[in-house]
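Peer 1: Protein sequence lines, in the order shown, are assigned to chains S and A. First residue of the first sequence? That's 3 in this note's numbering, and the numbers climb one at a time after it. First residue of the second sequence? That's 695 in this note's numbering, and the numbers climb one at a time after it.
Rather than coming from a laboratory, the hints here were simulated on the basis of the structure. Do not take every clue at face value.
To be verified - Derived DMTMM-like pairs: lysine to aspartate or glutamate, alpha-carbon spacing no greater than 20 Å straight-line:
1. Lys831(A) with Glu7(S)
2. Lys831(A) with Asp245(S)
3. Lys8(S) with Asp780(A)
4. Lys827(A) with Asp749(A)
5. Lys774(A) with Asp245(S)
6. Lys825(A) with Glu814(A)
7. Lys232(S) with Glu199(S)
8. Lys776(A) with Glu106(S)
9. Lys774(A) with Glu199(S)
10. Lys74(S) with Asp245(S)
These are the residues of each chain, in order.
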Amino acid sequence: MTVLEKFYQRDIRALSRIISFVENREEGYRQLLGELYRMVGHGLRIGITGPPGAGKSTLVNRLVHRFVADGKTVAVIAVDPTSPFSGGALLGDRVRMQEFPAAEQVYFRSMATRGATGGLAAATDNIAVVMEAFGYDVVLIETVGVGQVELDIIDACDTVVVTLVPESGDAVQAMKAGLMEISDVMVINKADRPGSENLIDELKSALHLQKRDPDAWQIPIIATEGINDKNIDLLYEKILEHDAFTRNNGRFDAHRREQIKKKIINILRNRFQREFLDTLAGQVSFEQIVDDIYYGRQNPFQVGEDLYDAFGRK
Amino acid sequence: MAEKIRVLLAKPGLDGHDRGIKVIAAAFRDAGMEVIYTGLRQTPPMIVDAAIQEDVDAIGVSILSGAHMTLFPAILKEMKEKGAGDIILFGGGIVPDEEIKELEALGVAKVFTPGAPTEESIRFLREAVGKKKSDEKIM
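Looking at chain S on its own, in the form it has when it is part of the complex (with noise of 0.2 Å):
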């Protein structure tokens, strides 16, 4: 029996080898991929997002239980950095995981981001799509600790939510582009903690300065404290309604639309960029090259118009 048949039965390890298999884009994982993406349909991807030590994990934790005793299946990825200098990961994220049911109920995947510098693994909504083909109904997908301009969360989820803590700075922090503008949710994580209420009050304000449309949703900002279970209720509520209020007002559709025009975009950028840099790895001695540079014999603008002439046209 090959894997993929063993998958169809629901046999947990076929699942997590072929997220493997996909995460090291072995040898065929664009047709396995295919395959897959065939019986995926419309279901729930959550993104939770934050600094580091907002207190993601222990928020999915929670959340992933709220799931759970409303009779809902969840699959959970965790993704962490991979080292740019060894190429090794540290990935914790399951310490803060705890009690979980069966895995065919909760389904728990830490990955390295292994390059990618968006806040997520270059293979993360792929693996979502397995995932979801495996039958589970909501995925929730937790970045990496994150600063300013790290959202590549925004195309692999439907709903966002923002995790700040009191200490992430004023609403100066929060008024410049990024973080705010990508999230539909927005939780004080710790908040028992000196300053939430005037971190609450200045993004209260700065998300009425946000120009908006009036039929638009309605940003909640909850005060959260994720290891006392405080307000998570309340987080829940409003990941769910926001779930529902794009699902009846087409936004859902339009934003899943724009996210499957994104991938073919990527999958094409990624597949002329490779091929591209394997021409001109045959061809051309970068040595040569950066030597010319260097010495001011050539500029870099240039010898890139020269490059794209000589092996770019087709």
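Once you've looked at the hints, dock chain A against the given chain S.
Peer 2: Leaving out everything else, chain A in the frame of chain S:
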């Protein structure tokens, strides 16, 4: 791309001494591996379930409580029952030589004792994973 070694590190049982396993976790990370660290007080079923979901090549456990003759066999049994007998199980702890032999006869691939250099465990893991061959067909 050469496949990355994925290894699960866990502390089974009631044993809070996690200095050693954190040293190992950092050493494996710096050797280019993906280390899934589960933390303290893990039961054998929790460890094996996590290993299966994470699709790791190996499970490493640190046992400083003296309960190694109970915990290692319990983990091995759990692995066999869940069809994960092919995952490499190794560990570290204060284990007398005779008991190391016993554990290795049961199926523990290697037991490291205090003072073992991290390079030794890295070398062991690379060799053991390198020998693992799978002929399963994906599709």
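Peer 1: Now tell me, hint by hint, if it's right for this structure.
Peer 2: Do the hints match the structure? See the list:
{"no.": "1", "hint": "Lys831(A) with Glu7(S)", "verdict": "holds, 10 Å"}
{"no.": "2", "hint": "Lys831(A) with Asp245(S)", "verdict": "violated, 39 Å"}
{"no.": "3", "hint": "Lys8(S) with Asp780(A)", "verdict": "holds, 17 Å"}
{"no.": "4", "hint": "Lys827(A) with Asp749(A)", "verdict": "holds, 15 Å"}
{"no.": "5", "hint": "Lys774(A) with Asp245(S)", "verdict": "violated, 42 Å"}
{"no.": "6", "hint": "Lys825(A) with Glu814(A)", "verdict": "holds, 17 Å"}
{"no.": "7", "hint": "Lys232(S) with Glu199(S)", "verdict": "holds, 15 Å"}
{"no.": "8", "hint": "Lys776(A) with Glu106(S)", "verdict": "holds, 14 Å"}
{"no.": "9", "hint": "Lys774(A) with Glu199(S)", "verdict": "violated, 53 Å"}
{"no.": "10", "hint": "Lys74(S) with Asp245(S)", "verdict": "holds, 15 Å"}
Checked against the numbered hints listed earlier, the structure breaks hints 2, 5 and 9; every other hint is satisfied.
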